[in-house]
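Since each chain comes alone in its own frame, lean on the hints to assemble the complex.
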Amino acid sequence: GEDVEQSLFLSVREGDSSVINCTYTDSSSTYLYWYKQEPGAGLQLLTYIFSNMDMKQDQRLTVLLNKKDKHLSLRIADTQTGDSAIYFCAVSNTGKLIFGQGTTLQVKP
Amino acid sequence: SAVISQKPSRDICQRGTSLTIQCQVDSQVTMMFWYRQQPGQSLTLIATANQGSEATYESGFVIDKFPISRPNLTFSTLTVSNMSPEDSSIYLCSASGGSEQYFGPGTRLTVT
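Respectively, the protein sequence lines represent chains A and B.
Heads up, the final residue of the first sequence is numbered 109 in this note's numbering, and it's a clean run with no missing numbers.
Heads up, the final residue of the second sequence is numbered 112 in this note's numbering, and it's a clean run with no missing numbers.
Just chain B, same shape as in the assembly (with noise of 0.2 Å):
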């Protein structure tokens, strides 16, 4: 199994600010997503971070406003731009070697 952790935890922010969301995998894996939990809701997914070109974006979601980066094989960024309070929610990290995918324990980003 892969272990996942994520930085910051947890942040509050002012709005029109940017927050940039690290994960790290404890081994190399073939691929890396980012998802968004809205306060009470499900998982819902953001983009496909690729390694070594541009992520790939799921509808209702752009490049402007999450950039994604991966730079290598176990690490992917997530920047939330020009925050408003409708993007506090939990973003979560997930990586899959195969058939097994994994979460990390979330960042829960409050925009004031």
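For reference, chain A alone in the conformation it holds in the complex (with noise of 0.2 Å):
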């Protein structure tokens, strides 16, 4: 079946970039996704892209897919100490989602 990974911490100083990764298997894949939960909290959903894009950017966030290497990543501009969370990668192509492990990101002051 389908299988999400993702590398489980990063740690990062404040105001610099920060880049969680993710990689999976199954290439019908519609919507990849991103969400983050805080400690104790539900999922917020950061932002997400449709499979024919290669490039998503709103605002802070930036989502890249590689298509052929089956590669999705989410950069986070000038990391502020609330962006520490676990960020969850998800994939869909029947409206259920498959999700990765999640990476917990640390930020330094």
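Take every hint as true, because none was put in to throw you off.
What follows is a set of in silico ranges between Cβ atoms, one per label pair, in the way DEER data are often shown:
1. A/M55 <-> B/Q28: 30 to 38 Å
2. B/S81 <-> A/S11: 41 to 49 Å
3. A/S27 <-> B/S69: 31 to 39 Å
4. A/R13 <-> B/G60: 40 to 48 Å
5. B/S81 <-> A/T94: 24 to 32 Å
6. A/A77 <-> B/P71: 43 to 51 Å
7. A/K68 <-> B/C13: 42 to 50 Å
8. B/I63 <-> A/N93: 22 to 30 Å
9. A/S27 <-> B/T20: 38 to 46 Å
10. A/M55 <-> B/R10: 34 to 42 Å
Looking from chain A toward chain B, a few residues come up when the C-beta cut is under 7 Å (computed):
11. Y31
12. G42
13. L43
14. L45
15. G95
16. K96
17. F99
18. Q101
19. G102
Treat the hints as calculated values from the structure; they're not laboratory data.
Using N, Cα and C, we set each Cβ at its ideal position, and we do this for glycine too.
As structure tokens, then:
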């Protein structure tokens, strides 16, 4: 079945850019999502990209999609301490989401 | 965007009992789903809640253990039946009316 992989941990300094990576196996994935989960909270939809797009930018967030390599990334510019959270990559082709393990982003002041 | 609420937000239950979780969306949506997030883990899809018909369950999840209702386009319930400590998790409802998929705040269940 579909598999989605993420690195588990990323640490950056405040003001730097963060890049969180995700790989997936199902080339028929239609939509690819990034969610943020803060401690004790639910999932916040950050952004998503349709599979026929290569890039999407939304304020400090940039999503890059390499369909050939089945690689998705989320870049957060000017990372702030409030960006510390777990970031989940998820892919879908029927509405059902398959999630990666989540990447814990630690932002050091 | 859709705003999703869940009740209860958390509960502590005894083994062998059942708990019903409610999910309410502030607008009509095409699809509703139930996910489970075990402690320190990612999210796993339990089932798709189908309006007016039986839910569609993922491998490893069965209707007897997780009965689901969806009487209309804005509301769904998930029951966790005959609970054991292994059912201690966060249960999340999600809804989608198109490309965007939103999540409720989750129900944190502890089974003792």
